[in-house]
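Engineer: As a plain string of letters, each chain reads:
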Amino acid sequence: DAGITQSPRHKVTETGTPVTLRCHQTENHRYMYWYRQDPGHGLRLIHYSYGVKDTDKGEVSDGYSVSRSKTEDFLLTLESATSSQTSVYFCAITGDSGANVLTFGAGSRLTVL
Amino acid sequence: AQTVTQSQPEMSVQEAETVTLSCTYDTSENNYYLFWYKQPPSRQMILVIRQEAYKQQNATENRFSVNFQKAAKSFSLKISDSQLGDTAMYFCAFAEGGSEKLVFGKGTKLTVNP
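For the record, the sequence lines run as chains A and B.
According to the working numbering, the residues represented by the first sequence are 34 to 146, in order.
According to the working numbering, the residues represented by the second sequence are 4 to 117, in order.
Hints are computed from structural coordinates only; laboratory data are not their basis.
What you are looking at is a predicted structure, and each value in this text was computed from that prediction instead of being measured.
There's no promise every hint is true.
Claimed, not checked - In silico SDA-like cross-links for lysine to any residue, where the CA-CA straight-line distance does not exceed 25 Å:
| # | chain 1 | residue 1 | chain 2 | residue 2 |
| --- | --- | --- | --- | --- |
| 1 | B | LYS109 | A | THR50 |
| 2 | B | LYS112 | A | HIS43 |
| 3 | B | LYS104 | A | LEU111 |
| 4 | B | LYS104 | A | GLY128 |
Model the full assembly from the supplied sequences, consistent with the hints where possible.
Structural biologist: In structure tokens form, the structure reads like this:
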């Protein structure tokens with residue numbers, strides 16, 4: 034997967050519990066992204082990072098926070114999971130924002146009961 | 004805000020035939036990039052083709068080609084000689100030049116029938 038891994042790949046949790054998804058890259062790319070994929074909505078950007086400790090919100094950031102303390106790791110946290118956050122989450126990376134070509138991880142399926 | 008519209012939620016085609024997937028977008032920018040990504044049942048997102056708005060020539064990648072109509076803000080994907088392995092969700096995506104963010108359409112589910 035071009036040096037990008039997501040963990041966990043599958044998770045089932047209960048409403049109100051905290052959840053953290055991890056994206057790890059070995060490409061030393063500057064830009065990292067979290068998207069969610071839902072039927073009928075395509076992929077929607079949650080948060081992205083343009084460097085260590087530099088992050089910004091996407092179009093569906095409510096209920097999510099992110100952290101990037103190292104170039105290789107980008108964490109997505111759901112402080113208190115809700116059923117509406119049941120989704121498939123994709124991490125993506127790119128080294129060149131001008132090219133905008135993203136490499137995606139394999140996805141993490143999260144189910145909130 | 005930029006929007007990307009894929010008006011065909013589902014399509015099907017017979018093996019070896021040609022199919023065209025539609026995509027329109029809305030932007031006031033002149034410098035931007037357009038993409039088609041493929042997502043097979045494995046769920047992996049794979050770049051199919053990329054087009055730079057300042058290039059008039061349509062991008063091609065083997066059996067995949069685009070019809071880029073800048074004035075009409077249209078970016079359709081043509082798949083020639085369809086193969087069973089082309090069965091997938093196809094997403095059209097847009098990015099402003101210099102922006103770090105891609106905006107995706109809702110996708111078209113393509114089924115190639117034997």
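Engineer: Kindly indicate which numbered hints from before are broken by the structure, ordering the numbers from low to high.
Structural biologist: Those not satisfied come down to hint 1.
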